[in-house]
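Chains as they are written, first to last, in our numbering: chain G, 1 to 365; chain P, 1 to 317.
Hints are computed from structural coordinates only; laboratory data are not their basis.
Beta carbons are placed, not taken as given, at the ideal position from N, Cα and C, and that holds for glycine.
Hints are supplied without guarantee of correctness; some may be wrong.
Stated by the list, open to error - With a straight-line Cα cutoff of 20 angstroms, these simulated SDA-like cross-link-like pairs (lysine to any residue) come out:
(1) G:Lys-331 with G:Leu-319
(2) G:Lys-60 with P:Lys-300
(3) G:Lys-344 with G:Lys-363
(4) P:Lys-300 with P:Arg-314
(5) G:Lys-274 with G:Glu-63
(6) G:Lys-312 with G:Asn-198
(7) G:Lys-239 with P:Asn-171
(8) G:Lys-239 with P:Ser-268
(9) G:Lys-37 with G:Gln-90
(10) G:Lys-239 with P:Ser-7
(11) G:Lys-69 with G:Ala-92
(12) G:Lys-344 with G:Gly-273
(13) G:Lys-60 with P:Arg-118
(14) G:Lys-157 with P:Ser-268
(15) G:Lys-189 with G:Pro-82
(16) G:Lys-235 with P:Gln-109
(17) G:Lys-363 with P:Thr-310
(18) G:Lys-363 with G:Asn-198
(19) G:Lys-239 with P:Lys-300
(20) P:Lys-300 with P:Arg-247
(21) G:Lys-60 with P:Asn-116
(22) G:Lys-363 with P:Asn-116
To be verified - Far from chain G by the CB rule (all over 12 angstroms, computed), these chain P residues:
(23) Val-261
(24) Phe-263
(25) Ile-292
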Amino acid sequence: MKNRWNLLWILLAAALIAGCAKKSEPAAVAAKAEPYKVAFVYIGPPGDLGWTHEHDQGRKAVEAEFGDKVKTVYIENVPEGPDATRIIRQYAQEGYDMIFATSFGYMDPMVEVAKEFPKVKFEHCSGYKTAENMSTYFGRIYQPRYLSGIVAGKMTKSNIIGYAAAFPIPEVVRGINAFTLGARSVNPKVQVRVVWTNTWYDPVKEREAAVALLDAGADIIAQHQDTVEPQKAAKERGKLSIGYDSDMRAFVGDTVLTSPVWNWGSYYKDTIGKAMAGTWTTHQYWEGLKAGVVRLADMSPLVPQDVKDLVKAAEQKILDGTWDVFYGPIKDNTGAVKVAAGAKMTDGEMLSFDWFVEGVVGKVK
Amino acid sequence: MMDLITSILTITLRAGTSLVYATIGETYTERAGILNLGLEGIMLMGAVSSFAVVYYSGSLALALLTAVAVGGLLSLIHAFLTVTMRANQVVSGLAITLFGTGFASFLGQRLGPASNGRYLVGLTGPRFAPVDPGALGRIPVLGAFLNQDLLTYGIYLLIPLAWFYLYRTRNGLWLRAVGENPRTADAMGVPVFRAKYIYTVLGGMLTALGGAHLSLAYTPGWSENITGGRGWIVIALVIFSMWNPARAITGALIFGGINAVQFRLQASGTNIPAGFLNMLPYIATIVVLVAITWWETLSKRIGAPASLGTSYMREDK
């Protein structure tokens, strides 16, 4: 008697998991030809207003562009690891022509499944492994980060800027360094204080980190996580902030001076278009401001015109290709010269960043 | 130095409030012999429903009532499944967490105004702001207790009340008896089934209030997965506090305070092994678990409910 009930509850739980996890957009109706089927695997919910939200905006841009010639689906909150393998494989088996995975930890699962389905095209965001039918794509978000640093460096009064950071990995360290270089290019007195939360998405912890930074004297808060809580915490204390991922000014208000944001739509439209036309080949896409995959969001009215002009000038140099963020001379925060004057960091060096530039208070551990 | 202690204590109390509500709620539920692993889901549902109500109605009281109702309803399902249907408590609790997490996220994407794409995320509404205690708020240490929102003031009342009820009233004695040995309690004339229902529902209500504290006071507004696993921490906290409401405050403050301390140290430029600090409360929890498993006498003294997790049926031998 009892065992039977147990079984029932397990089934019920299983049904719930299945029911909650999978969402799909209604398929295009009455399409003449079979639509090109594209699936997206997300690490978080599209409602995070950050990382996943921006990928989903890209997916919607694809739908708007191709109409009923393309059918897209997505699955949210997929944990990195075996679950990801299962889900990517399932999409491949269901006949999807192209699959995008949008978190670093999906790399190995995708490599595994890509071997089994040579006809399906796979694209992995932020990784480095490729295959005959698997490409990588990412954006040089450090470029708009540098620009946002200029804004923060000009606008700070206490010369202390707080930076709530996720994990001490090269991607995040690169962002902190670019931001600090930007801030100190216009205000050499600036200190950037870093607090690691060891979370990508924990609204409460990320707020606490911001509050600790405000208590330490910071009057501008920047961050590298997926929630808007640090920005909200700064606003409540009457302080300013810099957003990330999406234009957070829309969600928090004008105290968010600007945000380095992703713009996946152009890339997704381009690569899916090529796949449909049959011209898709394996690639490693890592473009920046010039390609439009990243940009600096519109600035708050609180930012004066002279600051906007400074940003514009730096942006122009990057766009022209005459200069980039990690051109020497660059010192680390112990004072040692890491990049000599006239030298520049290679992509490989940038992808394995494990030291902070001068002006950052904190340690990469 | 005094300032630093006061500032850390202030943030610690604020961070610990939601944990205290949920810990006391779950303590009562477990004292009745019912393990409710649905806490995470119930907290999330409490958070999303109360924020939606406060956003549209502007009434914080109505929002709290909604959270209490939602928490009560979800735990009523748990009580029905585990007490009446005698289903496995672990499975039923997990199902409620899965349902609560998914449904809260769903509501967060559907209940918002059309101007915000139906999203509740990113909106602001009325909130419980810290009250202004005037000159009293500037007294070191004491000020930390006074510079708080009304829900945190609530725990100053709740903790002694919950302790008094459990250890100094007849109903409290009955409750402990139900969790310890339902058969004996039944023979004594205690309405065992009714007690299990009441305290499971009460526990769910308090847990949802904990969730509401997040979306109405601590991190005002709704963001997906706002609890960040706090529902699971509460399960450990109940053991850590050895099923005693008075000790719940210690555990909640330690858990809540660790980040406050650690982030402050980082912000001032000193780095300490954060992983080690984060580990401490869990180690303490494991020590308590091991201790009560090894020494039965100790387990009795601590008050671990002996019938926790098992279904009670009158005719069973």
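Right, here's what the structure says about each hint:
{"no.": "1", "hint": "G:Lys-331 with G:Leu-319", "result": "25 angstroms, violated"}
{"no.": "2", "hint": "G:Lys-60 with P:Lys-300", "result": "60 angstroms, violated"}
{"no.": "3", "hint": "G:Lys-344 with G:Lys-363", "result": "23 angstroms, violated"}
{"no.": "4", "hint": "P:Lys-300 with P:Arg-314", "result": "24 angstroms, violated"}
{"no.": "5", "hint": "G:Lys-274 with G:Glu-63", "result": "15 angstroms, holds"}
{"no.": "6", "hint": "G:Lys-312 with G:Asn-198", "result": "34 angstroms, violated"}
{"no.": "7", "hint": "G:Lys-239 with P:Asn-171", "result": "51 angstroms, violated"}
{"no.": "8", "hint": "G:Lys-239 with P:Ser-268", "result": "19 angstroms, holds"}
{"no.": "9", "hint": "G:Lys-37 with G:Gln-90", "result": "13 angstroms, holds"}
{"no.": "10", "hint": "G:Lys-239 with P:Ser-7", "result": "18 angstroms, holds"}
{"no.": "11", "hint": "G:Lys-69 with G:Ala-92", "result": "19 angstroms, holds"}
{"no.": "12", "hint": "G:Lys-344 with G:Gly-273", "result": "35 angstroms, violated"}
{"no.": "13", "hint": "G:Lys-60 with P:Arg-118", "result": "16 angstroms, holds"}
{"no.": "14", "hint": "G:Lys-157 with P:Ser-268", "result": "18 angstroms, holds"}
{"no.": "15", "hint": "G:Lys-189 with G:Pro-82", "result": "48 angstroms, violated"}
{"no.": "16", "hint": "G:Lys-235 with P:Gln-109", "result": "24 angstroms, violated"}
{"no.": "17", "hint": "G:Lys-363 with P:Thr-310", "result": "49 angstroms, violated"}
{"no.": "18", "hint": "G:Lys-363 with G:Asn-198", "result": "14 angstroms, holds"}
{"no.": "19", "hint": "G:Lys-239 with P:Lys-300", "result": "53 angstroms, violated"}
{"no.": "20", "hint": "P:Lys-300 with P:Arg-247", "result": "17 angstroms, holds"}
{"no.": "21", "hint": "G:Lys-60 with P:Asn-116", "result": "17 angstroms, holds"}
{"no.": "22", "hint": "G:Lys-363 with P:Asn-116", "result": "39 angstroms, violated"}
{"no.": "23", "hint": "Val-261", "result": "9 angstroms, violated"}
{"no.": "24", "hint": "Phe-263", "result": "4 angstroms, violated"}
{"no.": "25", "hint": "Ile-292", "result": "26 angstroms, holds"}
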